[in-house]
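Asker: As a plain string of letters, each chain reads:
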Amino acid sequence: MSDFVRIFVRNRGAVVGVVVLALVAVIAATAGVLFPFSPWDMRGAPFSPPGDPDFLLGSDSLGRDVAAGIAYGARVSLLIGAVSTCVAVLIGVTLGAVAGYASGLIDDAIMRFTEFFQTIPSFVLAVVLVAIFSPSLGSIVVAIAIVSWPPVARVIRAEVLSLRSREFVQAAEVLGRSRLSIICREILPNALSPLIVLASLMVASAILLESGLSFLGLGDPNLMSWGFMIGAGRSVIRLAWWMSVFPGVAIFLTVLALNLVGEGLTDALNPRLARRR
Amino acid sequence: MSLLAVRGLTVALPAGGDRADAVHAIDFAVEPGESLCVVGESGSGKSVCAAAIMGLLPPALRVRGGSIDFEGVDLLKLSATGLRALRGARIGMIFQEPMTALNPLMRVGEQIAEVLTVHGARGGAARVPELLAAVNLPDPARIARAYPHLLSGGQRQRVMIAMALALEPALLIADEPTTALDVTTQMQILRLIKDIQTRRGTGVLFITHDFGVVAEIADRVVVMQEGRVVEAGPASAILNAPQHPYTRALIAAVPHRSAPPPRADPAVVLELIGVRKTYWRGGGLLGRRSRVPAVQDADITLHKGETLGLVGESGSGKSTLARCIVRLVQPEEGAIRFHATDLTLLDRTGWKPFRKRIQMVFQDPFASLNPRRRVGEIIAEGPMAHGTSRGVALARARELLGLVQLDASVAERFPHEFSGGQRQRIGIARALAMDPELLIADEPVSALDVSVQAQILVLLEELRRELGLTMLFITHDLRVAAQICGRVAVMQHGVIVEQGETALVFASPRHAYTRSLLDSIPGRGWMPPVG
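Here the protein sequences line up with chains A and B, keeping their order. To get my numbering, take the position in the first sequence, counting from 1, and add 125. No gaps in the numbering here: position 458 of the second sequence is 442 in my numbering, and each next residue is one more.
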């Protein structure tokens, strides 16, 4: 474990990523304390520029606080990123493990099914799904999970295929262990490293997807989100640049941080690749 | 003057290693036309010596002292350019893995021609067929046009030798050149090296862990242990009258005893009748699938309490046959009778009760234990899957660790904390946890050093006697088979060509393949002194 931390810390970008993520998480958690009012409340004059005594990051066309919107939006982004990734990982691991372990016809069927999802542009599919189920937190999470599980299934299937022929898995077969116990206790723990790396990157793309959906007006109407803020500021970008730029910066920093962390995890979990640098 | 004289060579290991120096104050010399064998177990520093001579030490290893004089020049003082001019031209090298030492994207002929061009030798491509012919490769013109993956392991190693000898070096360094090869191929390569050496007067520095190979090829021997030379002298003296205790222990560990003839116990435990398994390779939308018969009509009978050896070279189908018995592979034809039950007819659930009675020990001690589980759990897992409670199974795991001569406290540790031999003991304990009647051992000692190998063989033999096990022992090493198996079955290309009592089969082999296998045992003329 200490080895893991040591290699991870050696990657400066990863440390910066962790710090930025922690900051975003703290802001999300303390949004209610920092801004003890709803982000939808009109707090003063519209179009106040950033640095205004009432509005640190300016106000929007209805006089709502952009800073408060970003803080409350962080909650939505992190929540959707984390939950939809968990759901996608669950689907992907299950299908990937079954495909890799069963092989043969079942494998073929599952992989064709996976490819079916991969051939449809994921954003378009997400838009269609949210439009059908009407925008809400739940439908957005489901839509994002449905479009992002195929890479997980592929990675896990590949890992399971290679691990399945390893002698310790064969030994477990010879001991008469059940299939479920072999997959869960022998194979999957050894396939964890690529999964963790992939999941960290999936959180980033889930946040981007959610922002994109909200930008198009397909976000949960009751929740303030970064994508919605950019969408709302889009028509007045020449008049009030801060309405779009600050949420944009928030998305940029969060996604960048997640990618940096993902890279750090790759280094720490695959020390052989890392040493080559 | 010696061709190569290594004096006081000391190479430091990076700080925090298990010892200060990889090799410490090594002295040896190779005369022209002489074979010097450097023998030692893994980690003895023998390969470090070869790498130091070639200037190919990994960056973490640093030469701390000594000199390596080659034809009067100290190689350690040469610049990179000076060394490069010698490498290939005056000193040739062959490596252990012929699979990875050739560039897979270049034709064999081009790779040999490149060696000639780089050193500015005249002739170039025109000399390639002649060089290939010199290493006894059939149809040199065709081989020169082939890519490495089209050649067998032995052919590739010949190509490597042709490359190493292209510029007629004065010294040939061979680092375990036959370890990855089958016995019959190994013998051909050893004969080839010996032949080239006598023909051209090349000095050979031969690094090996196998005393059989030493007996086959060495004029003089240097024995290394933990980075030091413990004994050096003429081959006949070291092999037949070793002085140093370590050399004695190594030579005593070479399998040489013969197993007692099988007791006549009529009870049949396992009977294989006409077992057949075919693999299909390749085949896509357009390609025709090719048929690879792995096991063809195998008939084997195991009697209670005996050890049957299944011997053969790689690809002979012996492992596939073992895997058929435990249903890791589903045979397409034939019957596998365990007592009165035909195992081939059972489904997964039907098989489960037999999992307790038939167990397996695997070949690679580094791949056969799950790196993320504790040793105790690994051993207890089997009985737990069959309904034993966790507490009882873990307690039994500790007992079993004692049975395989490990400390019970190691149950809390992870597999990576153990050496190869210790891991293999854990693998044996895992199999024994089920109290099996039949133990299938698939090359259980082939990944181990000779002294560890001897301990594991003794352990298996004791366990077999104490627990009344019946054992199917798969090996490619005939010396091992002779020591542990009462009867042997010889397999070639998926067919069992001969079986019978070990002593009889080895003394008067009936099948030509058995004869060639026996002729290929390295150092077959040498009987290790007992003592």
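Think of the hints as simulated: they come from the structure by calculation, not from any bench. C-beta atoms are modelled at their ideal positions from N, C-alpha and C, and glycine is treated no differently. Each hint should be verified, as a subset may be incorrect.
Cβ-to-Cβ under 10 Å is the rule here; a few derived chain A residues that face chain B [said to hold, decoys possible]:
no., residue
1, P171
2, P174
3, P175
4, D177
5, L181
6, I271
7, F293
8, Q295
9, R302
10, P314
11, N315
12, L320
Asker: Does each hint fit the structure? Answer for all of them.
Answerer: Evaluation of the provided hints:
For P171(A), the shortest C-beta to C-beta distance to chain B is roughly 58 Å, which exceeds 10 Å, and the interface hint is violated. The interface hint given for P174(A) is violated, since its Cβ lies 56 Å from the closest Cβ of chain B, which is over the 10 Å cut-off. At its closest, the beta carbon of P175(A) sits 51 Å from a beta carbon of chain B; the interface hint therefore is violated under the 10 Å criterion. Annotation: D177(A) was flagged as interfacial toward chain B, and the flag is violated, the nearest CB pair being 56 Å apart, outside 10 Å.
Annotation: interface hint on L181(A) violated; nearest CB of chain B at approximately 48 Å, more than 10 Å. Because the beta carbon of I271(A) sits about 31 Å from the nearest beta carbon in chain B, more than 10 Å, this interface hint is broken. At a threshold of 10 Å, the smallest CB-CB gap from F293(A) to chain B is about 4 Å, leaving the interface hint in force. Look at Q295(A): its Cβ gets to within about 5 Å of chain B, closer than 10 Å, so that hint holds up.
At its closest, the beta carbon of R302(A) sits 4 Å from a beta carbon of chain B; the interface hint therefore holds under the 10 Å criterion. Evaluation of the P314(A) hint against chain B yields a held restraint, the C-beta minimum of about 5 Å falling below 10 Å. Taken as an interface hint, N315(A) checks out: its beta carbon lies about 6 Å from the nearest beta carbon of chain B, inside 10 Å. For the restraint placing L320(A) at the interface with chain B, the shortest Cβ-Cβ distance is roughly 14 Å, beyond the 10 Å limit, so the hint is violated.
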